[in-house]
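Protein chains in written order, with my numbering: chain A, 6 to 122; chain B, 398 to 912.
I should point out that these hints are in silico values taken from the structure, not numbers from a laboratory.
Since the model is a prediction, treat every value here as computed from it, not as a measurement.
Virtual Cβ for every residue (Gly too), placed ideally from N, Cα, C.
Fair warning: there could be bad hints in the mix.
[To be verified] From the structure, some residues in chain A lie toward chain B, with a derived Cβ separation under 8 Å:
{"#": "1", "residue": "105"}
{"#": "2", "residue": "108"}
{"#": "3", "residue": "111"}
{"#": "4", "residue": "112"}
{"#": "5", "residue": "115"}
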Amino acid sequence: MTQYIPILIAVVLCGLLATLMTSASRLLGPSKHTPVKDEPFECGNPSSGSAWGRFSVKFYLAAILFIVFDVEVVFLYPWARIFRQLGFFGFIEMLVFIGILTVGLVYIIKKGALEAV
Amino acid sequence: MILPEVNWAAVMPSVILTVVGITVLCWELWMKEQDRKYLAWLSLAGVAGAALFSYTLWGRNESAFNGMLALDAYALFFNLIICLATGMTVLMSRHYVENNELPAGEYYALLLFAAVGMMLMAAATDLIVIFLGLETMSMAVYVLTGIRRQNVKANEAALKYFLLGAFASGFFLYGVALVYGVTGSVKLGEVATYISTHFSDGAGSPMLLAGMVLLIVGFGFKVAAAPFHAWAPDVYEGAPTTITAFMAVGVKAAAFASFVRVFLLSFGALHGQWEAILWALAVLTMIVGNLTALVQDNIKRMLAYSSIAHAGYLLVAMVAGGELGGAALMYYLVAYGLMNLGAFAIVVAVGKKGEPNEEFNDYAGLGFRYPGLAMMMTIFMLSLTGIPPLVGFTGKFYVFSAAVKAGYIWLAVIGVLNSVVSAYYYIRVVVTMYMQEGEKQVEPLSTRPALATAIVAATVGTIMVGVLPAKPMALARHSFASLQKPAQTASSTPKKDQAATSTPTATAPSKTPHH
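Let's have the full structure, built from the sequences with the hints guiding it.
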């Protein structure tokens with residue numbers, strides 16, 4: 006069990022820090038409400054209704070494609086960290102991995118999944 | 398940094414299928430519409446290559462990738478069953494895909510990827526790798542189930558299968574987590590060692606038993622054992638018929654391969670705990686499958702319930718255990734594969750574009766207008782019932798004699814009674830074909846040579862393996878024996894953190910809920 010204590014400490018510290026930061030800004034900062042400031046923040050655009058509306062399924066497609074290449078990066082980081090120990094074998098291994106993902110990319114481009122509609 | 402040694406031989410059949418699958422997927426992007434048929438032939442060549450490679454590996458017994466995969470006769474035997482199921486499915490699909498305007502590239506690629514997952518499951522000796530194989534297989538099959546995107550039933554089937562399957566995977570993972578929590582390892586060999594040293598009385602601890610039961614739920618879902626079978630009829634009915642055949646045979650074989658490996662290898666010392674659970678599951682599965690199949694009017698639903706019933710017979714063999722039970726289970730999977738693939742191939746043959754012809758009434762009078770087709774369907778139905786000398790009889794004979802020899806007389810009696818019940822709905826197909834009038838026209842098989850090949854091959858297999866069971870049974874025995882004598886893993890040294898993990902010891906009082 007002892008090996009989990011650092012994780013516990015990290016969780017507690019993060020919680021404390023987050024609470025501290027949000028409560029400090031609430032307590033110390035000046036609080037001036039204007040109608041514009043009270044709106045939910047939507048990338049600077051004026052908000053347009055509830056978030057519980059219906060979305061085009063195309064967003065889902067974009068999100069799932071993003072995840073594929075996001076996961077690729079997640080694998081690339083630890084690989085880069087131990088690149089030297091892994092040696093040539095690790096290099097080939099990663100080439101195969103990226104090669105398979107590239108096939109996926111070629112496939113979705115060719116199928117027109119990235120075309121703007 | 399110690400990297401696990403790469404054992405190419407252990408993964409080569411899967412690698413072949415993966416490469417061919419990716420090639421199929423990409424090739425389709427650039428090929429002309431009328432060249433689509435080559436995708437089927439390329440896939441078939443890939444499956445044949447994987448089967449041949451598995452065959453040449455026969456006789457090797459080693460542990461690969463740090464004890465994550467096994468290259469033993471058991472895995473290779475299942476590789477061959479999986480290749481049989483995939484190859485037959487490709488043959489059945491050749492015209493089906495064209496007639497139903499399914500996306501050929503994705504279809505064949507997913508079929509091959511699913512087969513890769515199945516092979517991984519059959520060979521895995523590590524709970525996490527089993528889970529990876531399970532998911533690789535399931536993801537592909539979920540998509541294949543719903544590949545007829547315009548069809549409402551297919552959509553319903555795919556969504557149901559996906560949601561329930563994801564839930565079952567959750568059960569499975571939770572089970573893995575609990576087993577890991579108790580034993581400190583996910584490797585089947587190490588789990589077995591831990592259990593036999595710490596729970597030598599065979600009682601286990603509550604946490605370990607909970608993990609074991611959750612694993613039973615996960616596997617029970619995949620093999621469609623009652624009470625985890627509710628998805629099967631809807632999914633089998635909604636999926637394209639070729640995929641239904643693939644699911645009924647391939648998925649079941651792969652799940653049983655892993656089920657048996659985990660329970661006989663890792664939880665062998667706890668046999669007294671899980672045999673009662675599986676006994677009850679087997680009886681329930683046989684009864685539910687057979688009784689519900691009686692009232693179906695749709696052939697695909699009837700075959701779905703029949704496949705549930707067959708999962709029950711397979712569980713009987715698993716409960717019987719030992720060399721005889723294990724070999725009987727493997728033989729029965731071959732038998733079940735041959736006759737079920739054949740029966741589904743006939744359903745594919747009778748169907749037309751936009752006119753699935755899946756009701757019993759659609760089979761009326763087929764016996765007079767298409768004597769060859771009806772005769773082969775009769776052979777498959779009689780074999781599924783268990784009439785000698787067909788393969789279904791030999792399979793059931795081995796299963797029930799293994800159960801009797803292991804002392805499960807009642808299980809065998811219930812199984813035989815269930816077989817009698819099953820005769821009603823199998824023979825009903827035959828009666829409909831030969832004793833009722835009907836005008837349904839079937840597209841002649843001569844225009845679909847690939848499908849005809851599949852049906853004839855299944856017929857020949859159903860008869861030959863049934864008449865000459867000695868050789869396949871000897872192979873099954875030999876393969877199962879390789880499971881009992883696992884190869885030494887390279888890293889058989891005990892893990893360091895194993896001692897640090899807080900685990901209840903054997904002396905701790907443990908409740909046994911099933912006695």
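So, going through the hints one by one against the coordinates:
1. 105: Since the shortest Cβ distance to chain B is 7 Å, the answer is holds.
2. 108: 6 Å, holds
3. 111: 7 Å, holds
4. 112: 6 Å, holds
5. 115: 4 Å, holds
Checked against the numbered hints given earlier, the structure satisfies every one of them.
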